[in-house]
Structure formats: structure tokens, C-alpha cells
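> Use the sequences and the hints to build the structure in full.
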Amino acid sequence: MSAEGDPDARPAVPEWDDAYLDRVAARLAANYDLRKGFEVRGERFELYGELAVRNQKQFLHPSISFAHHDSSEHLFARRVGTVREDELDRLVELGHALAEEWIVPSDEHYSTEFTFALVADAFDDGVREHVSGFSDRTLLKFGYHGHYEVNLIVAVPDDERLLASENADVAAAFAPWEPIEAERSGLLARIARRLLR
Numbered sequence: 001m002s003a004e005g006d007p008d009a010r011p012a013v014p015e016w017d018d019a020y021l022d023r024v025a026a027r028l029a030a031n032y033d034l035r036k037g038f039e040v041r042g043e044r045f046e047l048y049g050e051l052a053v054r055n056q057k058q059f060l061h062p063s064i065s066f067a068h069h070d071s072s073e074h075l076f077a078r079r080v081g082t083v084r085e086d087e088l089d090r091l092v093e094l095g096h097a098l099a100e101e102w103i104v105p106s107d108e109h110y111s112t113e114f115t116f117a118l119v120a121d122a123f124d125d126g127v128r129e130h131v132s133g134f135s136d137r138t139l140l141k142f143g144y145h146g147h148y149e150v151n152l153i154v155a156v157p158d159d160e161r162l163l164a165s166e167n168a169d170v171a172a173a174f175a176p177w178e179p180i181e182a183e184r185s186g187l188l189a190r191i192a193r194r195l196l197r
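In terms of UniProt numbering, the sequence shown is residues 1 to 197.
Any given hint could turn out to be false.
Under the rule of at most 25 Å between Cα atoms (straight-line distance), these lysine to any residue pairs were calculated in the SDA-like manner [unchecked claim]: (1) Lys36 x Gly81; (2) Lys57 x Ala189; (3) Lys57 x Ser71; (4) Lys36 x Leu51; (5) Lys141 x Glu108; (6) Lys36 x Trp102; (7) Lys57 x Ile103; (8) Lys36 x Asp158; (9) Lys36 x Val92; (10) Lys36 x Ala19; (11) Lys141 x Pro105; (12) Lys57 x Leu139; (13) Lys141 x Val53; (14) Lys36 x Val53; (15) Lys36 x Ile191; (16) Lys141 x Glu129; (17) Lys141 x Arg54; (18) Lys57 x Leu140; (19) Lys36 x Glu93; (20) Lys36 x Asp22; (21) Lys57 x Ser72; (22) Lys36 x Leu140; (23) Lys36 x Leu94; (24) Lys36 x Ala172; (25) Lys36 x Pro105; (26) Lys36 x Val80; (27) Lys36 x Glu108; (28) Lys141 x Glu100; (29) Lys36 x Ser71.
Label pairs and their calculated CB-CB ranges [said to hold, decoys possible]: (30) Arg137 x Ala52: 34 to 40 Å; (31) Asp33 x Tyr144: 24 to 30 Å; (32) Arg90 x Ala52: 23 to 29 Å; (33) Ala122 x Gly42: 24 to 30 Å; (34) Glu108 x Asn167: 34 to 40 Å; (35) Arg35 x Asp125: 18 to 24 Å; (36) Asp136 x Arg27: 22 to 28 Å; (37) Ala189 x Thr138: 20 to 26 Å; (38) Asp159 x His96: 28 to 34 Å.
Everything labelled a hint here was simulated from the structure, so no lab data went into it.
Yeah, the Cβ is synthetic: ideal placement off N, Cα and C, and Gly gets one too.
Next comes the structure, spelled out in C-alpha cells:
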């Protein structure tokens, strides 16, 4: 059935003129809404991805629900020559500016992440220290309205090197030379799987 006839069909993944970004997009497509050529506040990105998750608890029936929490992630990626620390600082400032514009504070907002990925030809030791030691989480109204976080990723695909800040969970997508490892199941899950065969 065509995507037009199926309301649950996923939109087509854009194609980039860049084999590396195509491989990254293939890893992200299952969870992120992807766009090609995104511009915000004068900054241009080849790849933009948005992930939105809504958690809730229910009692007896889905219509009786409570504890609604929304989480989202905005992923921005672009190619650069050599990464410089001042460029990373500018992206962090952009993340804070976007947080002020895009986040609607409420008691249902749990978290928003702004992740900036730079696909580079090279980086120096200063960038390595800056990215690997980077952590930037801001509480909104003392955490009552959740928090937002800014993350950094630097990938050098030609050398198969990847740097990522501590909480950049999406970083594995930017290392297509590494297999994505499935989480190992625990003892009870393995027993249940055997019994259900």
C-alpha cells in the first residue's frame, strides 16, 4: 500500500548528497523526523532531526491517565572543515537561545535536548577536551518545569573517530563504522522467552 493510503506510514527519509549523512540518517530514521537543509537563527544545517516522546501512566483504562511528561530532542548536524572551540561555543549559545524560544514551560514538560553534531575533517586536542568534558543542563523553574540540555558531537568519519559530550545519547548514530549493540536481556527475560517458544 502506498504511503498516501496508509495514515501510519512513515514519511520518506530525505537523501543527502553525502554518503556519511545518508548512513547516519538511516540509523536515525526509525525514531526521528528528519529534514534536509534546515536553517535557524542564521545557522544552516544539512540534517535536522526531531524526536518527541510522551510518557503517561494509566489506571485500569487508557482514558484514565495521569503523570503526563513530554520529552523531545532537536538534532542539528552539518559538515565543517576543522572544528574550532569558538564554533562549539557558538552552537551552545544557539542551544540556549532556542530553548528560550521553543520550550513552553509547563508541569508536563520533562526534558528537551538540543544536540549539535559537527562532521569534520579534523579536530585538535583542545576540541577533544572541550567536547568530552562538556555537560550543560539547565533546570526550568527549579526543575518543576523540567530541564533542557545542550549536547555536542564531533565526528571524523574518514578516521572513524567520534567525540561526544557525556549525555549525547544519539552519538552512536554518528559512528556507522561501529555496530549498534542491542541491550542484553536479563535472566528473567531470557527465561520468559524460552517458556513462550
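> Decide, hint by hint, whether the structure agrees.
The hints, checked one at a time:
With a CA separation close to 20 Å, the supplied pair Lys36 and Gly81 stays within the 25 Å bound. Proximity of Lys57 to Ala189 is assessed by CA-CA distance (about 23 Å); at most 25 Å being required, the pair is judged to hold. Annotation: proposed proximity of Lys57 to Ser71 holds, straight-line Cα distance about 15 Å (limit 25 Å). Between Lys36 and Leu51, the direct Cα distance comes to roughly 15 Å. Compliance with the 25 Å bound is thereby established for this hinted pair.
For the suggested pair Lys141 and Glu108, the alpha carbons sit about 13 Å apart, so the restraint of at most 25 Å is met. At roughly 20 Å between alpha-carbon atoms, Lys36 and Trp102 fall within 25 Å of each other, so this suggested pair holds. For the hint linking Lys57 to Ile103, the alpha-carbon distance of about 23 Å falls within 25 Å, and the restraint holds. This hinted pair checks out: Lys36 and Asp158 have alpha carbons roughly 22 Å apart, not beyond 25 Å.
Between Lys36 and Val92 the CA atoms are separated by roughly 21 Å; this keeps the pair inside 25 Å, and the hint holds. The suggested pairing of Lys36 with Ala19 holds, with an alpha-carbon distance near 14 Å, which does not exceed 25 Å. Taking the CA atoms of Lys141 and Pro105, the gap is about 8 Å. The hint holds against a cut of 25 Å. Between Lys57 and Leu139 the CA atoms are separated by roughly 23 Å; this keeps the pair inside 25 Å, and the hint holds.
With a C-alpha separation of about 21 Å, the suggested pairing of Lys141 with Val53 holds against the 25 Å cut-off. Pair hint Lys36 plus Val53 holds up; C-alpha atoms about 22 Å apart against a cutoff of 25 Å. For a cut-off of 25 Å, the pair hint linking Lys36 to Ile191 is broken: about 44 Å separates their Cα positions. The hinted pair formed by Lys141 and Glu129 fails the criterion: a straight-line CA distance of about 31 Å is larger than 25 Å.
The suggested pairing of Lys141 with Arg54 holds, with an alpha-carbon distance near 21 Å, which does not exceed 25 Å. Between Lys57 and Leu140 the CA atoms are separated by roughly 23 Å; this keeps the pair inside 25 Å, and the hint holds. For a cut-off of 25 Å, the pair hint linking Lys36 to Glu93 stands: about 23 Å separates their Cα positions. Taking the CA atoms of Lys36 and Asp22, the gap is about 11 Å. The hint holds against a cut of 25 Å.
For the proposed pair Lys57 and Ser72, the alpha carbon gap of about 18 Å is at most 25 Å, so the pair holds. In summary, the hint linking Lys36 to Leu140 is not supported, as the alpha carbons are separated by about 31 Å, beyond the 25 Å threshold. A distance of roughly 19 Å separates the Cα atoms of Lys36 and Leu94; the hinted pair therefore holds under the 25 Å criterion. Restraint check for Lys36 and Ala172: the C-alpha separation of about 20 Å stays at or below 25 Å, so the hint holds.
The straight-line distance between the Cα atoms of Lys36 and Pro105 is roughly 28 Å, outside the 25 Å bound, and the hint therefore fails. Pair hint Lys36 plus Val80 holds up; C-alpha atoms about 16 Å apart against a cutoff of 25 Å. Taking the CA atoms of Lys36 and Glu108, the gap is about 30 Å. The hint is violated against a cut of 25 Å. Between Lys141 and Glu100 the CA atoms are separated by roughly 13 Å; this keeps the pair inside 25 Å, and the hint holds.
For the hint pairing Lys36 with Ser71, the CA-to-CA distance comes to about 23 Å; that is within 25 Å, so the pair holds. The supplied range of 34 to 40 Å is broken by Arg137 and Ala52, whose beta-carbon atoms lie about 19 Å from each other. One distance hint, 24 to 30 Å for the beta-carbon pair Asp33 and Tyr144, holds here, with the actual separation near 28 Å. The hinted range of 23 to 29 Å is satisfied by Arg90 and Ala52, whose Cβ atoms lie roughly 26 Å apart.
The hinted range of 24 to 30 Å is satisfied by Ala122 and Gly42, whose Cβ atoms lie roughly 25 Å apart. For Glu108 and Asn167, the Cβ-Cβ distance of about 22 Å falls outside the hinted range of 34 to 40 Å, so the restraint is violated. In this structure, Arg35 and Asp125 break the distance hint of 18 to 24 Å, their C-beta atoms being roughly 34 Å apart. For Asp136 and Arg27, the hinted distance range of 22 to 28 Å is satisfied, since their beta carbons lie about 24 Å from each other.
Roughly 36 Å separates the CB atoms of Ala189 and Thr138, a value that falls outside the hinted 20 to 26 Å. For Asp159 and His96, the Cβ-Cβ distance of about 31 Å falls inside the hinted range of 28 to 34 Å, so the restraint holds.
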